[in-house]
Structure formats: structure tokens, C-alpha cells
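Trainee: Residue numbers (my numbering), protein chains in the order written: chain S, 1 to 449; chain E, 1 to 449.
Do not take every clue at face value.
[To be verified] Below are the DSS-like pairs computed for lysine-lysine, each with C-alpha atoms no more than 30 Å apart in a straight line:
(1) S/243 to E/241
(2) E/10 to S/254
(3) S/234 to E/235
(4) S/231 to E/241
(5) S/288 to E/10
(6) S/309 to E/235
(7) S/10 to E/254
(8) S/291 to E/10
(9) S/269 to E/434
(10) E/269 to E/254
None of these hints come from the bench; they were simulated from the model.
Given the structure is predicted, the values throughout are model-derived calculations rather than measurements.
There are 2 protein chains.
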Amino acid sequence: MHKVEQKFLKAIKDFNLISEGDKIVVAFSGGADSTLLLYLLKEFYNYLGLKGLYAVYVNHGLRESAFKDEEFARGFTAGLGIPLEIKKVDVKSFAKSQKLSLEEAGRVLRYKTLEGVRQRLGYTKIATAHHLSDLTETQLLFYTRGSIAGIKGFQPKEGMVIRPLFYLTKEEIYRYLEEKGIPHIEDETNTDLTIARNRIRHKVIPQLKLINPSLEDSALKLWAILSEENKFWKKHSEELKKKLLTPSGDILLKPFSELTTAEQRRFLKHLYPQWSFETVETVVRFVKSSKTFWAGENLTLLKEGEVLKIIPSRLEFKPYAYKLPIGGEVFVKEANLVLKTRVRKLTSEKELFTKPPNVEFFQFETLPEFFTVRNRREGDRFVPFGRKKEVKLKDFFIKEKIPKHLRDTIPLLTLANKILWIVGIRRGNFFAVKDLNKEVVEVVYEQLD
Amino acid sequence: MHKVEQKFLKAIKDFNLISEGDKIVVAFSGGADSTLLLYLLKEFYNYLGLKGLYAVYVNHGLRESAFKDEEFARGFTAGLGIPLEIKKVDVKSFAKSQKLSLEEAGRVLRYKTLEGVRQRLGYTKIATAHHLSDLTETQLLFYTRGSIAGIKGFQPKEGMVIRPLFYLTKEEIYRYLEEKGIPHIEDETNTDLTIARNRIRHKVIPQLKLINPSLEDSALKLWAILSEENKFWKKHSEELKKKLLTPSGDILLKPFSELTTAEQRRFLKHLYPQWSFETVETVVRFVKSSKTFWAGENLTLLKEGEVLKIIPSRLEFKPYAYKLPIGGEVFVKEANLVLKTRVRKLTSEKELFTKPPNVEFFQFETLPEFFTVRNRREGDRFVPFGRKKEVKLKDFFIKEKIPKHLRDTIPLLTLANKILWIVGIRRGNFFAVKDLNKEVVEVVYEQLD
Chain S
1 MHKVEQKFLK AIKDFNLISE GDKIVVAFSG GADSTLLLYL LKEFYNYLGL KGLYAVYVNH
61 GLRESAFKDE EFARGFTAGL GIPLEIKKVD VKSFAKSQKL SLEEAGRVLR YKTLEGVRQR
121 LGYTKIATAH HLSDLTETQL LFYTRGSIAG IKGFQPKEGM VIRPLFYLTK EEIYRYLEEK
181 GIPHIEDETN TDLTIARNRI RHKVIPQLKL INPSLEDSAL KLWAILSEEN KFWKKHSEEL
241 KKKLLTPSGD ILLKPFSELT TAEQRRFLKH LYPQWSFETV ETVVRFVKSS KTFWAGENLT
301 LLKEGEVLKI IPSRLEFKPY AYKLPIGGEV FVKEANLVLK TRVRKLTSEK ELFTKPPNVE
361 FFQFETLPEF FTVRNRREGD RFVPFGRKKE VKLKDFFIKE KIPKHLRDTI PLLTLANKIL
421 WIVGIRRGNF FAVKDLNKEV VEVVYEQLD
Chain E
1 MHKVEQKFLK AIKDFNLISE GDKIVVAFSG GADSTLLLYL LKEFYNYLGL KGLYAVYVNH
61 GLRESAFKDE EFARGFTAGL GIPLEIKKVD VKSFAKSQKL SLEEAGRVLR YKTLEGVRQR
121 LGYTKIATAH HLSDLTETQL LFYTRGSIAG IKGFQPKEGM VIRPLFYLTK EEIYRYLEEK
181 GIPHIEDETN TDLTIARNRI RHKVIPQLKL INPSLEDSAL KLWAILSEEN KFWKKHSEEL
241 KKKLLTPSGD ILLKPFSELT TAEQRRFLKH LYPQWSFETV ETVVRFVKSS KTFWAGENLT
301 LLKEGEVLKI IPSRLEFKPY AYKLPIGGEV FVKEANLVLK TRVRKLTSEK ELFTKPPNVE
361 FFQFETLPEF FTVRNRREGD RFVPFGRKKE VKLKDFFIKE KIPKHLRDTI PLLTLANKIL
421 WIVGIRRGNF FAVKDLNKEV VEVVYEQLD
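This is chain S alone, in the form it adopts within the complex:
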């Protein structure tokens, strides 16, 4: 068997690309790569147990000569006895409306079109002609652009999309077509050097191949390593999620700080895949620093007691959060007041009802180490004293007619994100005093001038 055919079947086997009974929509442009793909799928139709092949030619509407290419495509598929469907898409207006580059817009529309056909026909797979030289180009392109996460390149199988030419280089593809006398067309946009990928293909790779003629083997090796490492990191990050995330999705600061930098980066990237490397680094540095608050255009970071809160938006007001140790005090400069706590016994039940409005008492099964005093956050909820039902803090403020400009500064006495006291306004229903013989925590605030 020809080496090219062996590699084609090896990719199908190694990555489990095709199962008995598959019906495949093939992306076919008439170029060398997709011509070989269609040819080999037809050649091994019975061997692979296929039950259908359907070629789709996507005309991007970018080149006049595409219509000539369509004619070739019609002839070639007719010769193989494979049905062909020609789909015209408007890449230019799609790129404009979606604010994408022409390259990216073409990619999105192509897959959308292929998937549409696949669903209409009830077919099981979509095959594209991406190969090892494409992978090499992709890696170098991502490297050049500093998009490190993408450096491993594409996968031989992504959902319904399969890439049976994954192990083949451009040279192998051309040589095979020539040997077998299989005609194909040349895509003229391939030579346009203003397209970064073409510069990599025509100017960079030939130079690198003078250093190592088996350049693609290096690409494949890097791909194999990075693909497996990504699998490890995915698994590892999932395990870390169980240890590091609170039920409300915040990150526990202490165990996070104890991770290696690499784990911190990978974990954050796992939680927020859309983040750039720079955003990830911002968060890693913020945790290391002594800062408790950071806000950027689309991101707000807060250290609150034991957790890191990541708020994916810029807050209108400035959030603050302070630790209030039991037995200690804290100055809340945003509200210009001091909060003090001490642990003591009540003298009598009467004291509970005659206390001044700047004092509250709380009783705990196990004494906490500290409270967190902070202003409100989106989504805050509150159970007013004597009630059982949670209300939105926002609704509570509105109902109580608290002026809007005050709502963002009023200190909230909290413990594990439960609001114990809207300081000076209303006590919450948690940790009420139930046993006069046991100690209570007294919290007092003093408004400064």
C-alpha cells in the first residue's frame, strides 16, 4: 500500500475518525488537499464501511476565477460518482457585520454551511482536508502572534469534524496526486503575501526546511505533547475547582496562593477560557499583591475575607472590604466610621431590648475569627431580623427609601457572605442571641465627624 494511503488510514485509526456506517459531507474546493481527501475517501469507501459521501463546494464570492474552479469541481466529482452541491456565501458582508477578518469570516461561514448540509442530509460527519503542513503553519502563526494557547494547532477530530489527512505533508499530497495523475486546481489567493499564513507558507517554512527537512515531524511532536498536556491541565483544573471554589463561585484565596504560578494560570484560563494571557496575569499578580481591589475596563477583582471575587464588569462604585477581627476594630474610611467588637456576657435580657441603635449582639456556636465589613455587591441578598425569607438587598434599599448615593457606601457586616447587619439600618436574622448564659459578640459603630 502507498505510504500516503497508510498515513491516511493510520490517522483514521489513531483518532477513531470513521466508524462503520458513517455518511460524510466532504469540504471540497478542487485544490490539491481536498481533491486527495475526496479521492481517498472514495478509494477506501468499502474498506471503511462508508454509507455515503457528499461533496460541498463553498464559493466565498471573493474571486472571479472561483466560477472556473466550480466547473472543475463539477467534473471531478461527477467522475468519482459523488454528488456535489455548490454553496455561495457572502464572506465580505458577513465579515463586516460580525467584525471579523476575511479569513476568520470565511472559516465561520464555511463550517456553518457544511453543518447545514450535514443536518439536512442526516449525515454523520464532516471531513476537511487540513494536514500536517497546515498544522505547522498554524503553530508558527500562533507563535508569531503570541497566541500561546493556540500554539498546538487544530485537532484531527473536533465534534463532527474529522481531518483524515492529519499525518500528511503538502509535499506528500502533491507527489501522490502527480504519481497517480490526479488533476486539481491551484488556489491563487495562496500566493498573496499580505495574508500572514501565506507568508509563513512561502517565506518562513522553506527556510526552516533548509535547517530541518522533516520540519513537520517537529510540528507533530509539539502537537502531540501539547495536546496531552492540555488534557492533563483540564483534568487537574477540574480537581482544583472542587477544592478552590466556594458554592457561590468565588476562589478561596489561601489554597489558590499555595498553587504554583503555572497552576494558577491554567486554573484561571480553565474558569475563563475567553481571557487573554494578560488578563490571567493581572489576576495572578493581584492575588500576590497586598491590594484588596482592582478594576479594569471589563473586570473587577476583590479580596473579601477568605475569598477572591471576580466580577466580569466594571463596577460603577468603588467596592471596599475590610477584615474586622473579633475583639478588634476597623476604620471604614468610605463611610467614615469605626466598628469595634468584643466578646462578653449580657448582664440581663433587658440589655437586648434597651441597647442603643449603634450596637448589635450576635451569638455563635463556634466563634469566627473575623467579620468582613464591605459595601454591597451585585446579587447581595438579605434576611431582615425576624423574617425567614430572603429579599434582594437592592429591593430592601428601595423599599426602605435609602438614598441611592448612600446605598453604595453603607457598610455591611458580613460573615461568609451572609449579611449580619446593614450597619446602622437593619439587623439580619442570622446568629440571633438565644442563650443569655453564653457569650455574645458585641459590635459597636461610631460615626466620625
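Since the structure of chain S is provided, determine the placement of chain E on it from the hints.
Mentor: Relative to chain S, chain E alone:
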């Protein structure tokens, strides 16, 4: 302060390159990079709290013009008031004798020479002029050659060697020297395209810079990511060592198999840093396979019971190893015999002394699941029945006059690498029968025709 000076000081601070009181030997060639390095170290001599600077010019003996360069070096260092030492090394004969490339031989000799001077002077550091453009070249070179482990490039600090220009690009270095009117010489070997690094420098990088003018930022980002990931893997592999290695340095098969492929690869590379990616893969595949033995030119792999043995040499004979379940049997084709075991009680003490020579009894506190039956390995030791002192199995065979050709096939009944029985020849001293009321394991062998 000039941006170049800022980046110079930032690298020193970020990587803790220089401490108060350091005395530095500087690798100085008179080229742009090392000229800047020497100039900046002199410029910030007091600011950095340096107590000594000493320039060393290493003449590789490869170019005639080097003597002219030496004169420049003499003049430049004299102008700065820094002592200069010129060292001549014979790269060509060193390369020949050590079987190294000229590039590699030059590198080794250079560091050797610098370290020699440092020790003689009692200086604390060696500074070299490697910079961010060098890092970019190194990454692309390693990528091209498929040497993935080296893709992150060099470190700003490696032992005594520091690289204060780590954050600077070639362009920044040239522009700074020009702006300040600082002269330097041009190394003519830099333009020789038969040297792979020069091809990367002059033909590849300029093309990539047309795609991304800040190419070096991508290099720095990749370096930052891979350096931290390597730190993680080092730590992780050390933790795995505790769980996976037996006291004799073998790898426990079950927990190893449960690792992700990435962990397996990194763990093996951590244990055997000199291994190529291909060797690592060989071992990973061997463990996954149902094979129990593999031998290559310089490596032998064996599955023995619960462990993987890695023997870093080709064995003269073919090793074998079989599991013998308690209550089951095994055919040892290499010795053409069958071993059977069963658990039973002895009828009387007499049975112990009247047993036929093809039977042995063993008694355990806790019954093992299986024995391992294998032939001898280098380093095997044996305690003959009734003795306490270990002897080398090899010496035992010699003393007992066992023919040489038999020594490699005779089955050894083993448990956790302890030899219980040199089958048919001598019982070991382990697991003797001590309590007739308790069960024993009876092992019987039958020699086939």
C-alpha cells in the same frame, strides 16, 4: 532614564541577578551585545553596589580577524577602566576530541574559560550578553529541530551565570549604542547562513516580524509560560516519585498507568533527563501494551509483577518474568517447566524433611496474591536456606558450579524482588515454615520433556 536602562535594571530586579558586593566576570567580544553589557554594568556600578568588573575576551581561534577585534576590545575596556584578559581556546580540536559541533564546542569552552577566571579571581558572578532576540532565535531553532524540551530557551540566571540583557531586543541594543555613540565591532561569522542560527536570524525572523513587529514579546510570553510550567512539573514529578518508586527505584505499574499521558511523559523525563522524546514514548507505549519485555540498543524494559524495571543497557540474554498466582500455575517456556502452587496444611513435621526435590513449602503472615517467576537480573542477591548473609547470585552460581549457559534461564521464584527459590537448586532463607498448625504455600515444579 532611557528605556534600555530601565529594562536592564528590571531584569536584574525581576530575576535577582545582582546582589550588593557582587564581583562580575563579563564575557566580552566587542560585539554590540557584550559592549552594551559592559557599558551598562560600568554605568550602574555604584547604583548596583558592585565591587569588581573584569572583562574576558575568548578568542576561538576560528577567524583571522579576531586579532583585530582583540585590539578594539583592549581599547574599549581601557577607556572604561576595566581590566581585560584575553584567552585563546582551540575550538576545532576540542570539537573533534569531544565529538561536538563547532557551535557547541565553542559554547562549552567559553563557559569553562569564564568559570576558570572567575574561580581564580574569587569573583561571584559571570555575566553574558544573551538577550530577547537570542531567546527568540533559540526558540525557533529548537522548534525547527523538534527539540521540544528546549523550546523555552535559556534562563536569565543559571547558577553563577547572569544575563542582564534578557529583556532587550537586538534593535533596542543597536539603537541605544548608536544614540550614545558607543562603538562596537561586527562579528562576520554572523552572516554565514550555513549556521542554522544565522538562517533563523537573517531569513526567518525578518519575515515573522512583517506579521508581528513585536515578535520578541511573543517569545518572552512563551518563555514565561513554559518556565513556570516546568517548575510545576518538577514539583509534581517529585511528588509522584514518592508515590510511584519502590525502594529499589522501580516504577509501580498500577499507579503509573492511572496517570495522564502528559504526567507519564513528564515523570519519565524527570527521572531520565537525558532521554529523547522518542525514548520516553517507547516506555509509555510499552506500559500501555500487553508486552512484558522490550529491549533496544541501550535500554531494556521489563514488567515484573507489580513493577516496571528500567535497565539502561541491552541485556545479553533475554529476560523473562511471569506471574504465578497462589493457587494457580504457570508455564515457563524458557526453562520448559510448569510451576504449580496450592495452599494447604502439612500433615506432619516429617513431611517437611521427606518432601521430593521438586517441592518447596513457604509460610506467610499475610498470603501474597502471586509470585513472580523470572530469570536472573544484574545485581540479584540471594540468602541460601539456613544462612543469614546475603550473597551475590552470580557468586552463588559460580560456587555451585552451575553451567554458565544455564544461569540465564533457571527460573527464580521471587516475591517483591526477594529470591525465595532457585527452582530445583536451592531454597532461600525467606518465609520458612514455622507453625505446623497454620497453612503453607506448596510450590511444585514439573520439568517437561
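Trainee: Does residue 254 of chain E sit within 30 Å of residue 10 of chain S, going by the straight-line distance between their CA atoms?
Mentor: At roughly 29 Å apart (the allowed maximum being 30 Å), residue 254 of chain E and residue 10 of chain S satisfy the hint.
Trainee: For residue 309 of chain S and residue 235 of chain E, compute the direct alpha-carbon distance and say whether it is at most 30 Å.
Mentor: 28 Å, holds
Trainee: Holds or violated: are the alpha carbons of residue 10 of chain E and residue 254 of chain S at most 30 Å from each other?
Mentor: 29 Å, holds
Trainee: With the threshold set at 30 Å, check whether the alpha-carbon distance from residue 291 of chain S to residue 10 of chain E stays at or below it.
Mentor: 22 Å, holds
Trainee: Is residue 243 of chain S within 30 Å of residue 241 of chain E, Cα to Cα?
Mentor: 23 Å, holds
Trainee: Please verify whether residue 234 of chain S and residue 235 of chain E have alpha carbons no more than 30 Å apart.
Mentor: The hint holds at about 18 Å.
Trainee: Verify the proposed pairing of residue 288 of chain S with residue 10 of chain E, using a straight-line Cα cut of 30 Å.
Mentor: With Cα atoms ~19 Å apart, residue 288 of chain S and residue 10 of chain E stay inside 30 Å; holds.
Trainee: Check whether the Cα positions of residue 231 of chain S and residue 241 of chain E lie no farther apart than 30 Å.
Mentor: Answer holds: residue 231 of chain S to residue 241 of chain E is near 21 Å, not above 30 Å.
Trainee: Quick one, are residue 269 of chain S and residue 434 of chain E close enough, alpha carbons at most 30 Å?
Mentor: Outside the cut-off at roughly 62 Å; violated.
Trainee: Run the distance test for residue 269 of chain E versus residue 254 of chain E: straight-line Cα separation, threshold 30 Å.
Mentor: Distance ~19 Å between residue 269 of chain E and residue 254 of chain E Cα, so the pair holds.
When each numbered hint is compared with the structure, a violation occurs for hint 9 only.
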